[in-house]
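Colleague: As a plain string of letters, each chain reads:
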Amino acid sequence: MKYSILVNGQSHAVEVDADTPLLWVLRDQLQMNGTKFSCGAGLCGACTVLIDGKPVRSCSYPIENLHNQQVMTIEGLERNHSVAQAWREMDVPQCGYCQSGQILSAVALLEKTPNPTDEQIQAGMGNLCRCGTYPEIKRAIALATDLTGKGA
Amino acid sequence: MQDLIKHHNAASTDIEVEVIAPENPSRRDLLKAGLFGIGGLVLGFSLPSAQKAYAATATSPPKKYPVKGWLQLTENGELAMVIPVSEMGQGSQTAVAMILADELGADYQKIQIRMPTNNSLYNNPIYGMQITGGSTAVRAWWQPMRVVAATLREMLISAAAKQWQVSTQQCSLENGFVMDSSIARKVALQDLISAAQTIQPPKNPPLKKADQYRYIGKPMPRVDTFAKTDGSAIFGMDVQLPDMLIATVVQSPVFGGKLHRFDEAAAKSVNGVQAVVKIPNGIAVVADSYWQAKKGLEKLNPTFTGGETAGLDTAVIEKRLQSGLQKSGESVKAGKVATDFAHEYDAIYRAPYLAHATMEPMNATAQVTDAKCEVWAPTQNQTMSAQVAADISLMQPSQVIIHTTYLGGGFGRRAYVDFVAQAVTLSMEMGRPVKVIWSREEDMQHDFYRPAAVCGFKVQTDAQGMPLSWQSKVVSDSTMAEFTNGSDTMIDNAMSDGIADQEYGLENVSLSVVREDMKIPVGFWRSVGHSYSGFFMEGMLNELALKAKRDPFEYRYALLKKESRTTGVLNQLEKLSGWKNSNGAVGKGVAVVQSFGSFAGQVIEARLQNNKIVIDKVYCVIDCGIVVNPEIVKRQMSSGIIFALTAALKGKVHFADGRVTESNFDNYPMLTMQETPEIIVEIVNSNEAPGGYGEPGVPPLAPALAAAVGQLTGKIYRELPIKI
Numbered sequence: 001m002k003y004s005i006l007v008n009g010q011s012h013a014v015e016v017d018a019d020t021p022l023l024w025v026l027r028d029q030l031q032m033n034g035t036k037f038s039c040g041a042g043l044c045g046a047c048t049v050l051i052d053g054k055p056v057r058s059c060s061y062p063i064e065n066l067h068n069q070q071v072m073t074i075e076g077l078e079r080n081h082s083v084a085q086a087w088r089e090m091d092v093p094q095c096g097y098c099q100s101g102q103i104l105s106a107v108a109l110l111e112k113t114p115n116p117t118d119e120q121i122q123a124g125m126g127n128l129c130r131c132g133t134y135p136e137i138k139r140a141i142a143l144a145t146d147l148t149g150k151g152a
Numbered sequence: 001m002q003d004l005i006k007h008h009n010a011a012s013t014d015i016e017v018e019v020i021a022p023e024n025p026s027r028r029d030l031l032k033a034g035l036f037g038i039g040g041l042v043l044g045f046s047l048p049s050a051q052k053a054y055a056a057t058a059t060s061p062p063k064k065y066p067v068k069g070w071l072q073l074t075e076n077g078e079l080a081m082v083i084p085v086s087e088m089g090q091g092s093q094t095a096v097a098m099i100l101a102d103e104l105g106a107d108y109q110k111i112q113i114r115m116p117t118n119n120s121l122y123n124n125p126i127y128g129m130q131i132t133g134g135s136t137a138v139r140a141w142w143q144p145m146r147v148v149a150a151t152l153r154e155m156l157i158s159a160a161a162k163q164w165q166v167s168t169q170q171c172s173l174e175n176g177f178v179m180d181s182s183i184a185r186k187v188a189l190q191d192l193i194s195a196a197q198t199i200q201p202p203k204n205p206p207l208k209k210a211d212q213y214r215y216i217g218k219p220m221p222r223v224d225t226f227a228k229t230d231g232s233a234i235f236g237m238d239v240q241l242p243d244m245l246i247a248t249v250v251q252s253p254v255f256g257g258k259l260h261r262f263d264e265a266a267a268k269s270v271n272g273v274q275a276v277v278k279i280p281n282g283i284a285v286v287a288d289s290y291w292q293a294k295k296g297l298e299k300l301n302p303t304f305t306g307g308e309t310a311g312l313d314t315a316v317i318e319k320r321l322q323s324g325l326q327k328s329g330e331s332v333k334a335g336k337v338a339t340d341f342a343h344e345y346d347a348i349y350r351a352p353y354l355a356h357a358t359m360e361p362m363n364a365t366a367q368v369t370d371a372k373c374e375v376w377a378p379t380q381n382q383t384m385s386a387q388v389a390a391d392i393s394l395m396q397p398s399q400v401i402i403h404t405t406y407l408g409g410g411f412g413r414r415a416y417v418d419f420v421a422q423a424v425t426l427s428m429e430m431g432r433p434v435k436v437i438w439s440r441e442e443d444m445q446h447d448f449y450r451p452a453a454v455c456g457f458k459v460q461t462d463a464q465g466m467p468l469s470w471q472s473k474v475v476s477d478s479t480m481a482e483f484t485n486g487s488d489t490m491i492d493n494a495m496s497d498g499i500a501d502q503e504y505g506l507e508n509v510s511l512s513v514v515r516e517d518m519k520i521p522v523g524f525w526r527s528v529g530h531s532y533s534g535f536f537m538e539g540m541l542n543e544l545a546l547k548a549k550r551d552p553f554e555y556r557y558a559l560l561k562k563e564s565r566t567t568g569v570l571n572q573l574e575k576l577s578g579w580k581n582s583n584g585a586v587g588k589g590v591a592v593v594q595s596f597g598s599f600a601g602q603v604i605e606a607r608l609q610n611n612k613i614v615i616d617k618v619y620c621v622i623d624c625g626i627v628v629n630p631e632i633v634k635r636q637m638s639s640g641i642i643f644a645l646t647a648a649l650k651g652k653v654h655f656a657d658g659r660v661t662e663s664n665f666d667n668y669p670m671l672t673m674q675e676t677p678e679i680i681v682e683i684v685n686s687n688e689a690p691g692g693y694g695e696p697g698v699p700p701l702a703p704a705l706a707a708a709v710g711q712l713t714g715k716i717y718r719e720l721p722i723k724i
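First to last, the sequence lines map onto chains F and W. Per our numbering, the first sequence starts with residue 1, numbered consecutively. Per our numbering, the second sequence starts with residue 1, numbered consecutively.
Derived by calculation from the structure, the hints in this document are not laboratory data.
Cβ-to-Cβ under 7 Å is the rule here; a few derived chain F residues that face chain W:
no.	residue
1	Thr-20
2	Gln-31
3	Gln-94
4	Gly-132
Between beta-carbon pairs, the in silico distance windows are:
no.	chain 1	residue 1	chain 2	residue 2	range
5	W	Ser-269	F	Glu-64	12 to 22 Å
6	W	Ile-234	F	Thr-117	32 to 42 Å
7	W	Ser-398	F	Lys-112	48 to 58 Å
8	F	Arg-139	W	His-343	45 to 55 Å
9	W	Lys-561	F	Thr-117	41 to 51 Å
10	F	Thr-117	W	Ser-232	25 to 35 Å
11	F	Glu-119	W	Leu-73	50 to 60 Å
Here are the simulated SDA-like pairs of lysine to any residue, each with C-alpha atoms no more than 25 Å apart in a straight line:
no.	chain 1	residue 1	chain 2	residue 2
12	W	Lys-268	F	Met-1
13	W	Lys-294	F	Glu-64
14	W	Lys-650	W	Val-614
15	W	Lys-278	W	Lys-294
16	F	Lys-138	W	Glu-678
Just so you know, these numbers come straight off a predicted model, no measurement behind them. Glycine residues also receive a C-beta, built at the ideal position from the N, C-alpha and C atoms.
Okay, chain W solo, but in the shape it has when bound (with noise of 0.2 Å):
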């Protein structure tokens, strides 16, 4: 996706994602046989040539404007509103669901919201698919959401004059109702809707000014904030269908690992299983409840052999890491190696493996029936939910219905399909509806993990300390390689984004890639690979700041343009943190990053007790153009701090054996209230095309604490999660 990131500005023409048809024999035999797994589904994408303009928003809106793609009534024939976006705590759905209220001219607080099924129309501007990701929902949909809310807008307008056979110009859409200026008569929208499917949409609608915004830019409560205080939000897990059965499954543990012996018997013998079905990569028990299946699953005993990872343990993996440094690998970018200097630094900085650890399991429901496949599913990715269930059944794409529900917590985990596959391979096996539940360790053991990584950086200084060159290289695997199943060798651009594409005038500064595939399933993890470049380059600024014994602001400032984001952001950071208030016990530390078409700046205050990390304020500047809902960005920040702090303390996944050692929140644990510290956010006043946000709080996070902890120890922390 990182690669997409890229052009993530560039017209949803551009994109496309073609499925390669299923070849014969039939997918379903060979599923029987056990012969495939997702890694036999083919995505194939192109993408946007590189020389394409990096235009300053996505402008190209839905070529179609069905009304009823967009509003709906409800059973109770109140208005809803359909926002084509998944929501996993980010608040998108609340954004965008301002944005399509303030435009169309509807009451935001009445209006009712309905999640996307799988249909194109809500294919996500910026990628040409149907996914939540990569903090694109605002700056994606902002244009194009406006242009189709503008365009019902008028559509609505034009059947009530129609009604009224007066003129649309002495007509308004304003709260919910069309008005009729000329006489003191209105229409609900709700009353609008069939007669407007009529209506030729118009074209080039105009858009409403910034002063005549209602909604955009205060910070409205979100939608979906009463439907989860009184337990009524359906998340994926809470999928209830008549005659359902649930499953719980094993996967093998080393990944690409053969399913051995397991004692069908004792599985069946446990009450209410009902049957005990082999999967692509493991086995699934199938039962009338949850614990049944639970139950069944630990008499079942499966074992497994072989294993691409056979043998992989973390000592392994960190000697291959350090070793790909001696590797050329492939230039990303080439600068000049100053010869004349005064000082020259070397440093290795080292990330590790991560979970996702959503709060719920991945689970998925489907009902294959002769006539249709649907599936109820907690995904960031309904277009690949859609392909893999068309694939598993056999059924043609208008067949296949995917509906989102609720996601508890995505963080990019859900933007992948195997459960969904899982799901649909289980209902078809069962003849009935099937509920897949996986146990909070199949979960942590089965994850897509955030990649380690190890860069190695030589710069060479002037007598003040200032860079001259500066040459990096990254070693890791692919994200985008998993994702698109490209080849062993593929290199994407998230492997090293963050390095050579900071704001700073770093003129001579030379990257290369080194690709370390390990076999491990490897995938987005919240910020991607600025999740760690975002350490390694602000880590090693932070440090050639305490070599030159200058300022960690003023080096910044130095190299950075005066009227560049993000000078600006380390301006307000600077007056927001105190900076310059020391205090001898306290230390501190800052960072700023520049990802997903945002900066934003973090300053850290720690202290020491009892040999301990104690973080008191993380004082954060968020320029992220644009915004929407002020509050939701501010909670997103305060979101990925809080997430960045987890995997700065205490985020590591260890291999043995070639599997994952980490089970459940006892030996993967998280940031608890306690250790959380006081977050205090600042977003720049900025007219800025929007930027994200879901992302950006997580990448300086990192380097700001060890630069604290730093000056707290005299010691220069390289290594995450942070030790002292």
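Okay, chain F solo, but in the shape it has when bound (with noise of 0.2 Å):
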């Protein structure tokens, strides 16, 4: 099937079949490697990309679900956006396979909700991390609120 999708603000075409998940088509067709796999069934949040600003679990989308929509990933995440500046002055990642889906899901938690509660970034932050860097996501939230001068 062929298909047109809005990546990063630019179209692509690309011909796969309709159940093909998002995220190989990101990876294998388009060579976008920023968005990682990991498990595959939508249950750790390293596959993370934003539809229309919304986190999804690229994992488990299939590319047939697309109509039209603005898909962000990594790549296409201002080099200067708060977030991403939270994340690198804060020195977040370890080994950083996860880092692509947390970046994202921060940008979609603070963009509905700009001066979160610790409640609302656990609940906001459902991605797993097996290098433990929880409570540095948590203060790079913090440190991203106060950068785009929302914060308290």
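Each of the two chains sits in its own frame; use the hints to bring them together as a complex.
Modeller: Structure (structure tokens):
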């Protein structure tokens, strides 16, 4: 099947089976490797992308479900975005494999809840990290809040 | 590897790794016939003799100093340094880069980093092979890397002095430039690389003093953060080559089982599927993309028969471990058993099989041509990757190139090279580059698991409850036997590490070890034997303190020498955690473990909420000697604590019908952000030789948690994971 998808503001024509998850369209067709494969079952969040600003686990999202929505991947995040900046400032990543998903989940969280409480952070950040960078992620989200000036 | 760790400070020349040449008929033929797997590769380790001195630090530098082996020019003419360790999150690339840049005089913030290829120049000085593990990166490279850097510095200065026709005395290397102090001129390091190649390396170049360090000891930012926050970091999974195919595999779910039936036609009917290829212990589907390969594998529907673990289940395993306690085993240490004692205490401690569950599933990419065998792999073990690649491709070692990518987690799993072997096999079969990707399910069911272990203690005490003699027996499997293809009866140090070699002045300790070979693949799992023996030993100590009605800190102080490093850690931990301030609703527990050349202690504060364990705080103090990057040490403590908490609360791999029943994060869950406690870490100020820090944060967690929860419920927890 032929599809035209919008990724990071650019239109791409791809030809894949209708059940192909967005993750594998990004990785194998478009060679955009920042979005990671880990559990393949929507359990861990390593493959998180934003579809019209909402976090979606792309390993379990068939391309046929996409209808002209905007897909944003880690490659599309502005380099000076407050979340990216905060992540660098805090030196959050260890192995780094889950961090694309963590960063995009944080972007979506702060978009919806600019000044989140601890509970809101925990509820909004369901992504797993085997290295255990959770304490630094929490601090980076707080810092990103400060950087955007929306913080208390 | 644990045997090697025992000798971690021996000179590098004392450890030899030899590969026994492939036998005839050709390996390729055997491979096609499916007659050998990874088990067919023979690695012989010749260990340093036991009487070798246990020197304070690895002092044997690499013998050659080719500038290009350490410093390279990038395509843009920028300076890059090769860092001889794999980066899997532990921050060793950053720490070793800091050492190299500081001693050299390079600008750490500007210099590029290159991953190592396979080259004995980059052999881990502790192990004598190119492997990242055993928390050795900093302690192995601390001395040799400074010698390499100082040598390079003197060579670069000589090269500049020669160009300027001045004395080297008036030249220095600072901030990435060689400066001439007589007149204001300087030359950048990158412009000296080729000239320096011809300079004779100096003998005994002077090393900088601690007060001359610009980077060492400071919380410098990691070198990999930028690439890991914009999606540009290349993990094994991300390798792309022109004309590359993607494969996925199914291996016999019962370990050692044989392929029985499969529907090749059905698999090939899937769009994009190129081939179905038998591999030694399973079968692969090769396709244009991963999704097509995965769908092909579902249609292939392979079945397997037999296997070494057929019929094995968790109940059988636990019964065998328990009955192992009745065997006499091999004596590691024989102490006198007290006959005149006031009390005698018995206890049996248990720990389960565990999976590594790295976030990046196993994968590797290979391109085998007539001229060379090239591999791109997220590997902790370049030496064995190169050996397996040469063995399968029948190439000379010089024709094999291993490119190291970033590792999406390692924790010991990527010291094994089963996935490298598959990529090479498949590329040869297809005549094209092939990337093999395991599904999460395959990854979880074909791990080299942390072995289950049982420990029986019998302790005789005086009237005050202090131990007079102490007998311990550990029943488990051997990780070193797996790694080195040792015999079914081989015993290794990892099986009982930490039981009889802590700083407690327990003179009459007896320790024996019983090997129970379950035929389940077992391997190095973050902190190896300490991951369970820390729980056993410290659990028992907490139990004894409780019986003696003594504070667990006081009980330990009574056993320790005042000047011991363990005492130092406990003193600092007692203050940091406010141990004496009690709050009835909060349970507190403590444990301290020496491992990998370091000493780590932890205090846990836990509560019960709706009959569930809630952990509020973990205090941690680490003495790891001289610290290169304190922030990385703290992060590794925090990381080890969360890793160990996951295991202590949730971790258990079960077996049924000879296979692993866990398959993904729903049935083998990880700790979440919500469950993560506040973690407070302090580092002991120390001038001792550098110790490890990637693993030592793990062992104290479980026994401290068991004691904290025990205080709340009045029970003693002797089994992991902890269930209330």
